[in-house]
Amino acid sequence: QVKAKARRKRHSIELPKRFQIAVDNAAMAAKITGTDGYLETFRWGERLEREGSPEAVAEAVSAEIIAQYPRIDWRKTAAELSHIVKAD
Numbered sequence: 014q015v016k017a018k019a020r021r022k023r024h025s026i027e028l029p030k031r032f033q034i035a036v037d038n039a040a041m042a043a044k045i046t047g048t049d050g051y052l053e054t055f056r057w058g059e060r061l062e063r064e065g066s067p068e069a070v071a072e073a074v075s076a077e078i079i080a081q082y083p084r085i086d087w088r089k090t091a092a093e094l095s096h097i098v099k100a101d
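Last residue of the sequence shown: 101 (my numbering), numbering continuous.
Source of the hints: derived by calculation from the structure; they are not laboratory data. For every residue, glycine included, the Cβ atom is placed at its ideal position computed from N, Cα and C. Take the hints with a grain of salt, since some may be wrong.
With a Cα cut of at most 30 Å, we get these calculated BS3-like pairs of lysine-lysine [claimed, not checked]:
#1 K18 / K30
#2 K44 / K22
#3 K30 / K44
Okay, the calculated beta carbon distance ranges per label pair [said to hold, decoys possible]:
#4 K18 / R56: 34 to 44 Å
#5 R60 / Q81: 17 to 27 Å
#6 R88 / H24: 30 to 40 Å
#7 R21 / K44: 15 to 25 Å
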């Protein structure tokens, strides 16, 4: 999900389904169970400032993420998640 805001105006965009599938596959492979365990691994990216309306910014950032990740290596993500879960 991509979120953008300007003062009280907010806009969010869901990323394509393939991103959610990759997250789910990685969580299962890392043996993360339950809602709490699943949600504990979620991280928001760094907040950045951009010019434009929340709608335009969210659309632009979403397009950049989609272009940056034409293929998602969920196995690599699962390995990284396994280290996070074991550290807790």
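Practice item. Given the range 30 to 40 Å, decide if the beta-carbon distance of R88 to H24 lies inside it. Key: Hint holds: Cβ distance 33 Å, inside 30 to 40 Å.
Review point. Quick one, are K44 and K22 close enough, alpha carbons at most 30 Å?
Key: This hinted pair is violated, its Cα atoms lying about 38 Å apart.
Review point. Measuring from beta carbon to beta carbon, are K18 and R56 in 34 to 44 Å?
Key: 19 Å, violated
Review point. Do the Cβ positions of R60 and Q81 conform to the proposed distance bound of 17 to 27 Å?
Key: 18 Å, holds
Check your understanding: Are the Cα positions of K18 and K30 separated by 30 Å at most?
Key -> With a Cα-Cα distance of about 23 Å, the restraint between K18 and K30 holds, given a limit of 30 Å.
**Study point:** Satisfaction of the hinted span 15 to 25 Å by the C-beta atoms belonging to R21 and K44
**Key:** Since the Cβ atoms of R21 and K44 sit about 41 Å apart, the hinted range of 15 to 25 Å is violated.
Review point. Does the alpha-carbon distance linking K30 and K44 stay inside the 30 Å limit?
Key: 21 Å, holds
Figure legend: structure checked against the earlier numbered hints; hints not met, in rising order: 2, 4 and 7.
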